[in-house]
Amino acid sequence: MPRRGRLIAALTMLLSVLALTGTAQAAVTRLQAPNSALFGLSVALSADGSTALVGAPSTDSAQGAAFVFARSGGNWVLQQKLKAAVPSPVGITRFGFSVSLSADGRTALIGAQGSNPAVGGADTAYVFARTAFSGFSQQQQLLNPAGAFSGNQFGNSVSLSSDGRTALVGAPSPPSGSGGVGGGAVYTFARGLVGWTLQQKLGVNSASFDAFGYSVSVSSDGRSALIGAPSKDGTGAAYLFARGLAGGFVRQQQLLAAGLAAGDGFGQSVSLSGDARTAVIGAPDKAVGPAGGAGAAYVFARGVVGGFTQQQQLQPASRAANDQFGNAVSLDRGGTRALVGASGTDAEKGAAYVFGRGFAGGFTQRQRLQADDRADGDFFGWAAALSADSSVSLLGAPQIGGDGPRNGAAYAFTGLG
Numbered sequence: 001m002p003r004r005g006r007l008i009a010a011l012t013m014l015l016s017v018l019a020l021t022g023t024a025q026a027a028v029t030r031l032q033a034p035n036s037a038l039f040g041l042s043v044a045l046s047a048d049g050s051t052a053l054v055g056a057p058s059t060d061s062a063q064g065a066a067f068v069f070a071r072s073g074g075n076w077v078l079q080q081k082l083k084a085a086v087p088s089p090v091g092i093t094r095f096g097f098s099v100s101l102s103a104d105g106r107t108a109l110i111g112a113q114g115s116n117p118a119v120g121g122a123d124t125a126y127v128f129a130r131t132a133f134s135g136f137s138q139q140q141q142l143l144n145p146a147g148a149f150s151g152n153q154f155g156n157s158v159s160l161s162s163d164g165r166t167a168l169v170g171a172p173s174p175p176s177g178s179g180g181v182g183g184g185a186v187y188t189f190a191r192g193l194v195g196w197t198l199q200q201k202l203g204v205n206s207a208s209f210d211a212f213g214y215s216v217s218v219s220s221d222g223r224s225a226l227i228g229a230p231s232k233d234g235t236g237a238a239y240l241f242a243r244g245l246a247g248g249f250v251r252q253q254q255l256l257a258a259g260l261a262a263g264d265g266f267g268q269s270v271s272l273s274g275d276a277r278t279a280v281i282g283a284p285d286k287a288v289g290p291a292g293g294a295g296a297a298y299v300f301a302r303g304v305v306g307g308f309t310q311q312q313q314l315q316p317a318s319r320a321a322n323d324q325f326g327n328a329v330s331l332d333r334g335g336t337r338a339l340v341g342a343s344g345t346d347a348e349k350g351a352a353y354v355f356g357r358g359f360a361g362g363f364t365q366r367q368r369l370q371a372d373d374r375a376d377g378d379f380f381g382w383a384a385a386l387s388a389d390s391s392v393s394l395l396g397a398p399q400i401g402g403d404g405p406r407n408g409a410a411y412a413f414t415g416l417g
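Each residue of the sequence shown is one higher than the last, beginning at 1 in the numbering used here.
It is worth saying that the hints were derived from the structure and are not from the lab.
Everything numeric in this text was worked out from a predicted model, so none of it was measured.
Just so you know, even glycine gets a beta-carbon here, dropped at the ideal spot from N, CA and C.
Some hints here could point you the wrong way.
To be verified - What follows is a list of derived Cβ distance ranges for each label pair:
id, residue 1, residue 2, range
1, Thr336, Gln252, 15 to 25 angstroms
2, Asp221, Asp48, 12 to 22 angstroms
3, Phe133, Ala287, 45 to 55 angstroms
The whole structure should be built from the sequences, with the hints applied where relevant.
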């Protein structure tokens, strides 16, 4: 299962937005924020890559925060620190555990996966909206339908449609009182004239622990959803849902990759292209030959009759054991570019890879991305976001710290071609 638990312990750091020279002939900017912790555990971009949202869930004694950056003339500027309007009374919120932005960058969905059996901790999600003059402000708290303290990890994953009117929130753990079994769930919310309302609970009716909802991705129009269940049958699975005639989501297909083995974690990360015709699904624990945990990512494409079939297994040009390739994935709007994180590469310094689709339809590696100032244990590539127009790639490195405490950073790459 995923290694997020190893990263929930970072301290503080000063603001630093430093221009760097990176690999792959790209312009790179390092984003950081003052007094943050686990900055870069989650990342999101607007469609044109001009707005970045970076989660830092261990900030302020694990109350958490998310930071908004704006790009203008090639420079990134920290604009705002977002926090929950009413923090958790028990001191654990982990606001910023997951983040998503609408296409125009004016609506933000932020998960606060605060589950901690030792001290309680609430699971919830928040919607923020931006005005032209006052920045982002909290619009609504999306309450956990199973109960704030149910322990189902509501907010572990979030995804927002391009128009900012459909929200998916994953809750991959069985709620308390279930005996530790349950497939997990994803809750869908819709924005109406008077705010956001719960629309539906999605699941797979499984009695086993599937971690359904560990990862989620919704199409641009909010009519298709891809949901990961990395513990399904020990190997993992992903599920495609689409809206039916009545408007609700209906399960369409279970996606499985060829050659999966127990513990591969297929579905730990998922991304659906904006046009809902291409899917990339990560299996970061997959062994590749003798290299255990090298990881893989799989490309699925929709056929003329609507179903998805596996097209390709993505691998980096060079790989090694425990690279965790596929721990994070992101597609552009048209499914022509894919960004894949490999946070375990080179003693957990981390790396990421850009793949492009060729004329024959297959993906080939175009570039390897890494931080110039990387060090062991940085986990660069832990989170990944590719703008819809593929102009900006954003990678989180939540344990990076340079000479100071390991409080995290994010790296924005532009000019990748």
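field: Satisfaction of the hinted span 45 to 55 angstroms by the C-beta atoms belonging to Phe133 and Ala287
entry: holds (54 angstroms)
field: Consistency of beta-carbon spacing, Gln252 to Thr336, with hint 15 to 25 angstroms
entry: holds (23 angstroms)
field: CB-CB spacing for Asp48 and Asp221 relative to the 12 to 22 angstroms hint
entry: holds (18 angstroms)
Hint violations for this structure: none, all hints satisfied.
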